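There are 2 protein chains.
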Amino acid sequence: MNYHFSEALSGMDGTATRDIFKLLSRPEIISFAGGLPASDALPTRLMGEIAAEIFVDETEALRCLQYSVTEGYPGFRETVIDLVRDLGITGITPDNVLVISGGGQGLDLMLKAFVNKGDVVLMEDPTFLSFIQAAKSYNAVAVGVAADSDGVSLGDLEAKLKRYAPKLMYLIPTFSNPTGKTYPIEKRKAVIDLAHRYGVIILEDDPYSRLRFAGEPVPPMITLDKHGIVVYVSSFSKTIAPGLRTGFAVGPAEIIRKLTIGKQNVDLHTSSLSQLAIKKYIEKGYFLPNIAKSIPLYRQRKTAMTDAINRYMPASFKHTDPDGGLFIWGEFDAPVNTTDMFQAAIAENVAYIVGSVFFADGGGANTLRLNYTNESPERIEEGVQRLGRVFKGV
Amino acid sequence: MNYHFSEALSGMDGTATRDIFKLLSRPEIISFAGGLPASDALPTRLMGEIAAEIFVDETEALRCLQYSVTEGYPGFRETVIDLVRDLGITGITPDNVLVISGGGQGLDLMLKAFVNKGDVVLMEDPTFLSFIQAAKSYNAVAVGVAADSDGVSLGDLEAKLKRYAPKLMYLIPTFSNPTGKTYPIEKRKAVIDLAHRYGVIILEDDPYSRLRFAGEPVPPMITLDKHGIVVYVSSFSKTIAPGLRTGFAVGPAEIIRKLTIGKQNVDLHTSSLSQLAIKKYIEKGYFLPNIAKSIPLYRQRKTAMTDAINRYMPASFKHTDPDGGLFIWGEFDAPVNTTDMFQAAIAENVAYIVGSVFFADGGGANTLRLNYTNESPERIEEGVQRLGRVFKGV
Numbered sequence: 001m002n003y004h005f006s007e008a009l010s011g012m013d014g015t016a017t018r019d020i021f022k023l024l025s026r027p028e029i030i031s032f033a034g035g036l037p038a039s040d041a042l043p044t045r046l047m048g049e050i051a052a053e054i055f056v057d058e059t060e061a062l063r064c065l066q067y068s069v070t071e072g073y074p075g076f077r078e079t080v081i082d083l084v085r086d087l088g089i090t091g092i093t094p095d096n097v098l099v100i101s102g103g104g105q106g107l108d109l110m111l112k113a114f115v116n117k118g119d120v121v122l123m124e125d126p127t128f129l130s131f132i133q134a135a136k137s138y139n140a141v142a143v144g145v146a147a148d149s150d151g152v153s154l155g156d157l158e159a160k161l162k163r164y165a166p167k168l169m170y171l172i173p174t175f176s177n178p179t180g181k182t183y184p185i186e187k188r189k190a191v192i193d194l195a196h197r198y199g200v201i202i203l204e205d206d207p208y209s210r211l212r213f214a215g216e217p218v219p220p221m222i223t224l225d226k227h228g229i230v231v232y233v234s235s236f237s238k239t240i241a242p243g244l245r246t247g248f249a250v251g252p253a254e255i256i257r258k259l260t261i262g263k264q265n266v267d268l269h270t271s272s273l274s275q276l277a278i279k280k281y282i283e284k285g286y287f288l289p290n291i292a293k294s295i296p297l298y299r300q301r302k303t304a305m306t307d308a309i310n311r312y313m314p315a316s317f318k319h320t321d322p323d324g325g326l327f328i329w330g331e332f333d334a335p336v337n338t339t340d341m342f343q344a345a346i347a348e349n350v351a352y353i354v355g356s357v358f359f360a361d362g363g364g365a366n367t368l369r370l371n372y373t374n375e376s377p378e379r380i381e382e383g384v385q386r387l388g389r390v391f392k393g394v
Numbered sequence: 395m396n397y398h399f400s401e402a403l404s405g406m407d408g409t410a411t412r413d414i415f416k417l418l419s420r421p422e423i424i425s426f427a428g429g430l431p432a433s434d435a436l437p438t439r440l441m442g443e444i445a446a447e448i449f450v451d452e453t454e455a456l457r458c459l460q461y462s463v464t465e466g467y468p469g470f471r472e473t474v475i476d477l478v479r480d481l482g483i484t485g486i487t488p489d490n491v492l493v494i495s496g497g498g499q500g501l502d503l504m505l506k507a508f509v510n511k512g513d514v515v516l517m518e519d520p521t522f523l524s525f526i527q528a529a530k531s532y533n534a535v536a537v538g539v540a541a542d543s544d545g546v547s548l549g550d551l552e553a554k555l556k557r558y559a560p561k562l563m564y565l566i567p568t569f570s571n572p573t574g575k576t577y578p579i580e581k582r583k584a585v586i587d588l589a590h591r592y593g594v595i596i597l598e599d600d601p602y603s604r605l606r607f608a609g610e611p612v613p614p615m616i617t618l619d620k621h622g623i624v625v626y627v628s629s630f631s632k633t634i635a636p637g638l639r640t641g642f643a644v645g646p647a648e649i650i651r652k653l654t655i656g657k658q659n660v661d662l663h664t665s666s667l668s669q670l671a672i673k674k675y676i677e678k679g680y681f682l683p684n685i686a687k688s689i690p691l692y693r694q695r696k697t698a699m700t701d702a703i704n705r706y707m708p709a710s711f712k713h714t715d716p717d718g719g720l721f722i723w724g725e726f727d728a729p730v731n732t733t734d735m736f737q738a739a740i741a742e743n744v745a746y747i748v749g750s751v752f753f754a755d756g757g758g759a760n761t762l763r764l765n766y767t768n769e770s771p772e773r774i775e776e777g778v779q780r781l782g783r784v785f786k787g788v
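Keeping their order, the protein sequence lines are chains A and B.
Quick note on our numbering: the first sequence kicks off at 1 and runs consecutively.
Quick note on our numbering: the second sequence kicks off at 395 and runs consecutively.
Everything labelled a hint here was simulated from the structure, so no lab data went into it.
Everything numeric in this text was worked out from a predicted model, so none of it was measured.
Any given hint could be a false lead.
Computed from the model, here is a short list of chain A residues facing chain B with C-beta under 8 Å [claimed, not checked]:
1) F5
2) A52
3) Y67
4) S101
5) K112
6) A113
7) A146
8) A147
9) L194
10) R197
11) Y198
12) G243
13) E254
14) L297
In the BS3-like style, the derived pairs of lysine-lysine whose C-alpha atoms are separated by at most 30 Å in a straight line are [stated by the list, open to error]:
15) B/K620 with B/K678
16) B/K620 with A/K280
17) A/K187 with A/K318
18) A/K280 with B/K674
19) A/K117 with B/K511
20) A/K187 with A/K280
21) B/K620 with A/K117
Positions of the beta carbon are idealized from the N, C-alpha and C atoms, including for glycine.
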């Protein structure tokens, strides 16, 4: 049978990703390719305690197993409101909050709510691969905006706002995936001003800001928005556990309502069992202390990687040095193609992600992304040493 | 701020649904409007036992909390393969199975995989409201096919296959929502033959077939498909618990692969906690016995409703008498508009769903849907008596 798939998914066969994951399952490979939080930081014991309590109260047990409402498990949006207060996100009601099935669902629902076929969506170049793919799955045109060391270039942003009249702009302003960069507050304000002037909605993706191991926090863009144009999406994947697939969106009530309608026909509501586990985890006061416990681990691994890079990588390798998050971005100041080199790296039993996949319109042939959170410092050093051999003389 | 939402969601404001749910939360109202499984049948005690065990094994606990693969939690697809064998679905491998976040996600992913803007999607008239809305959210054209007492009319189906060259046909052949009707095996075969002749994929939605309290099982359409054109979607919402938002799709490997790619950018994978809870529930042998325990309850409530209809409703009210599932479909053989009568019903503290919402192209003004699974027999009798007063003399 010859199947006629939609245009939206016709270009995606997922073979490349699948092949890479097959490779990475080989235990001898030191992988900097993933985007996983440190397994050592996952709260298995605390979740065990909570899981054992969830079904003790018969009323709550029934509520957890029966259908729930799309907006979120009863009381959970209020928990989220309390949780984001220390980020400076205040003055919101449950109508400004939607519980989602992981941060990625927030990105998908924003595209569903705003994008028609052929619409341009702006994003920093490079950006989160999955957002580029999601945009394409809505037949949107993904256009990258050039970036400086402190976030999108305002000049290029304004030029593209003028030229494309986009509906939506996607940013990860804190510890960006893939670069690890953070926009300073002035840049955030300037981007909001520009977006407002050109009538564009900003989708602020913030899965990483709580994983800060150096420097001072910068307020989320939504706290600087006076026009109702920023929607903030976050997730518990990096702060509690990704397997529970739970996150939240905060934004203007009218937009949140539209996202809710979009979600209704997609998965009706997020798993109540996941929501309840996270709600109890937060209410028991485990959230911030458990993150605090994991911070030294992240700092140590990041330092292990930058130390090893300085030691083993060629001088032509320039890299970011993030204050938090999961990723280091590397760029060769030399004519090297990281795609061509990937097999050589695998032959040395070390893996990275080829940087070009994070660019909306191609480019970045000389770049790569390194994740430091899910290997031990010893394996990180060993892995970078192998990478140094691969790129020797470049 | 004036938001410019997408065409796909622009027509949907959800106000009607929201208002109805507000009304229904009033405890004095006897509601036949929902689509919930009987709360009395939800396995709160068994799930409590399982939840307490999930995090005991440290390896499994870590696997449950960390990212997983899109296809399904390790080993869960094999559990599904075992589970569907008694339905006659055999000879499949994990490549034929995708774990989804509730049956609704299967519908959404099938639309994403096959439908371009403007494509026609066929469905039985009337059909599941959420599928009509999901089709519209992909800018598809929803076209209804007329139905006889035993499922879609073959004549009208062929006419519409010819006229519209649709990509996809959506059917709920067993205990349909909203009608409760079941297609006999000959009708199933004939529909598959027609679909094959016109190159159309059949999306078989089967959330209800295990809730059979009378008559003999009819094999799912996928078991009759020799061409690789049927994708079977089911859910644990009616057989275990809807709050866990977990279901599965079975179909040709090439289609399942495309659905997997679509799911990757939507929610990456279904909550591992939900998947693991259901996997353990099935492996402990709770699945079939717990359904068997709930069957008498469903039968009793259905009988309470048909008895009450015969006693209290006017002679002009014709209705289905299902052998399973959740719904009875009613039609007045008289010029009455159930939308106009809805406020009168609410004034009598009884609620139904207006039938016209289940029609792809309008119609059904004289119809309504009644759910019998989530009220006691006493409340069912009282509620139908109230309905009888509302429609007296019609």
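Taking the least C-beta to C-beta distance, is A/L297 closer than 8 Å to chain B?
Constraint on A/L297 not satisfied, violated at 15 Å.
Are B/K620 and B/K678 close enough, with their CA atoms no more than 30 Å apart?
34 Å, violated
Mind checking the alpha carbons of A/K117 and B/K511 for me, to see if they're no more than 30 Å apart?
Holds, at roughly 8 Å.
With a cut-off of 8 Å, does the beta carbon of A/S101 approach a beta carbon of chain B closely enough for the hint to hold?
Holds. Min distance 4 Å.
Under the criterion that the straight-line Cα-Cα distance not exceed 30 Å, is the pair A/K280, B/K674 satisfied?
23 Å, holds
Does the nearest C-beta of chain B fall within a distance shorter than 8 Å of the C-beta of A/Y67?
5 Å, holds
Hint check: A/K187 vs A/K318, CA-CA at most 30 Å. Holds or violated?
23 Å, holds
Tell me if the interface restraint on A/A113 is satisfied: Cβ within less than 8 Å of some Cβ in chain B.
6 Å, holds
Given the hinted pair B/K620 and A/K117, is their alpha-carbon gap at most 30 Å?
Roughly 36 Å separates the two Cα atoms, so the pair is violated.
Quick one, is the A/K112 hint okay against chain B at 8 Å, beta carbons?
6 Å, holds
Decide if the proposed pair is consistent with the structure: A/K187 and A/K280, CA atoms, cutoff 30 Å inclusive.
37 Å, violated
Under 8 Å is the threshold here; is the Cβ of A/L194 close enough to any Cβ of chain B for the hint to stand?
16 Å, violated
Hint compliance for this structure: hints 7, 8, 9, 10, 11, 14, 15, 16, 20 and 21 are not met, and every other hint is.
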